Amino acid sequence: MMKNILKHVFIKDSVLFIDGNLVLKGENPIFAKFLKEVYKFAKIKYPKYYKMDPLSKLGFLASEVLLQNQELASYPAERIGIAVNNRASTYLVDCKHQESINHQDKYFPSPANFVYTLPNVMTGEICIRNGFKGENAVFISEIFDAAFMCNYLNTMFAANKSDLMISGFVDADENHYEAFLFLAKNDGKFNAVYAKEIEELYNQLKDKTNIEK
Amino acid sequence: MNGIQKNKEVNNNTYVVSTAMISSLGFGNKKNMDALYNGDSGVKLIDDHQLYPQKFVGARLDSKALNRCFGNIQHLSHLPANYEFTRFEKMAIITMGGVFRNIEFPTDEKTLFLLSTTKGNIDLLKPELAKKFGKERSMLWKAADIIRKFWGFENKAQVLSNACISGVEAIHIVNRMIKQGVYKHAVIVGADMLTEFVISGFMSFQSLSSQVCKPFDEGRDGLNLGEASACMFLSSDENLVPKNHDKIVVSGGGSSNDANHISGPSRTGDGQFFAISSALKEAQLSAKDIDYISAHGTATSYNDEMESKALTLAGLHEKPINSLKAYFGHTLGAAGLLESIVAIHNLKDQKILKSLGYEKLGVPLTLNIIKETKQWPMVNILKTASGFGGSNAAVIFSKLITAK
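Sequences listed follow chains W and L, in order.
For the first sequence, my numbering gives the first residue as 1, with consecutive numbering after it.
For the second sequence, my numbering gives the first residue as 1, with consecutive numbering after it.
In short, the hints are calculated from the structure, not lab data.
Owing to the predicted nature of the structure, the values given are computational and were not obtained by experimental measurement.
Some hints here could point you the wrong way.
Which residues of chain L face chain W? A partial, calculated answer using Cβ under 7 Å [stated by the list, open to error]:
id : residue
1  : Ser41
2  : Leu45
3  : Ile46
4  : His49
5  : Gln50
6  : Leu51
7  : Phe133
8  : Arg137
9  : Leu140
10 : Trp141
11 : Ser161
12 : Gln180
13 : Gly201
14 : Ser301
15 : Thr366
Ideal Cβ placement from N, Cα and C applies to all residues, glycine included.
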C-alpha cells in the first residue's frame, strides 16, 4: 500500500472491507439495515448517531471503522481535516424536506431534518465525534474524481496546512450507497498521494464487492 | 501597513483578474457598488405565494432582468440553441458573462471551473418541475456540467458545497492550487436561489428576522435570506490584469471546523480563529497588517457572538469591521464570493462600507463596527465566513505594491 495512506475502508452493497479485507458481509441488502449491522460490528455507542440522515450515518460509520486503532493523540486537532467527494449531495433528506412542504394543508418542515440538507454536515458530524478542527471540504462530482481529490490533498500537504486528512467518496442515493474512505498522512516530504494508485485501489474494491454479491 | 511585495524571481501570486455580480441590488458591479455606497438595501418584504405561503423579509433578484440578460448572452452558448436552462443555471451563466464581457477567460485544460453552491437547482424537486426536468438535473454536478458546457470548459466542472463558507473556501482552495501550479487560471462562480425549500427550512429553525437584519446590533433577531450570483476569475498570469488597474492578489486563506454542533457555532470562536490564523500565516502577515474586515455577520444571536470572540482572539477587534447581510441578505453559496468582490472594490476605492443595520453593540466583546461609509487607507483585507456543519473559512486579499 502507498506509504502515506495509513488505512482504508470500503462500504457498499452490504459488504465492509478494511484495508481490502472483507470483514463483514451483511445478511440484508437494505441500506438502513446494513448500517445497523456495521454499527453493531464496530461496537459503537453514540446516541447522536440515531438522529443523523442516511448520508451522515454512512460517512460516520465509515470514519469510525477507519479511525479504530489509529493513534491520533499526537496530532493537533486543527491539523486533522476531512475532504470528500460525493455524487448526490443530500438527495434523500432533500426529498424528505420537499415532501414536508408540498401540500399547504400538510405543511410541516422540520429543523432536525433541514439541517442535514447540506453535505458538509456529514463531515461536521465526524469532526464533532472526534474533535477534529481542520479543514472540511465536500466536492460534488458525478463519479469519484481521484485526480482532483489527490491534487487537493497534495496542495494541502505541500502548503503544510494539515498533518492528517480523511478523504475519499461518500454517497447515498435511492438505490445506491457507497463509502470509500482513506486516511492520508502528510509525512513532511510532500510525498504525493498518487491519484492513479488511489483510483486503482477504488476500482479493485468495487470489483471485490461485485464478487461478494 | 505591511504590503505583499511582488517577488520578481518566482511569480507565484494568484491575481484577481476580473469579477462580476448580480444581486437584489442590481446586475453588474457598478450597479451594486453604487447602491452599496448609497446605503441601499435589497432586503424587502416579499408577498408572493408562488415563492412562499406567507409574507417574509428577504432579498430577491429581478427575474425579468435575469431573463433579459440571459437573452443577451445566449449566443455565446456551446449548447444547442433550443437548450432549456433553469433559473439557477441562468444566474450563474450571466454572472460569468459579466466577467467574459470584460476579459475573455480561457477554457483550456489549464483552467479550473468551479461552482460554489449549497442547493443549486433545488427548486427542481417541486413535483411540477421534477416532472419536467427529471431527477438528474437537480444534482449539483449536473448543473455545474451544463454551465461548463455553455462556456466550453475542457476540464470537468468541480463543485464545492460546504454550506455558507463555500464561496470563501473556494477562493482559498483554488488559490492554493494555482500557487502550486495545478491550474494556471480558475473561474469560480457562486450562486444560490431564494426558494421555498430554503425559506421553509430556515423558518422551521425560527432564524429569520421579520425586519431588515441588524448584524452585531443589540436588537438583532435573526437573518434574512437572499439570492445572488458572483464570479471571480483568478490567474497566475499577471499580464491578464488590465493595464492601469490595481493588482489585487489572494495572499492567504484558511479553513477549519468548530467540532461543536452541526447547527450552532462554537461558543469560544476557536474554529473561526484557526481559519483566520491559518490565512494570516499563509499571507505572511500579522493581525496589525489587516486594514478592513468583511465579516460573516448573519445577525443571528449565536453567530455574531462567536465572531466577536474569534476576531478578538485574533487581535482584530479594533479593525474596521462590517457585515453586508443587511444589503444583500444571506446569499448562502454565493455569499463568500459576492462579499469578497465587494470588499475588493472597497480596497480599490479605498473606501470602507458602513455595516448596515448596526446602531449599538450587541455582542459580548467590543468590535469596531463601521457606522459610516468613508475613505480609508487599505492594503490587506480579510473576508471571513462560517456556517452549518461547524465550518469556518477566511481569505485575505492584498493590493500589490510593486517593488521599486
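Which of the numbered hints above does this structure break? 1, 2, 3, 4, 5, 6, 7, 8, 14, 15
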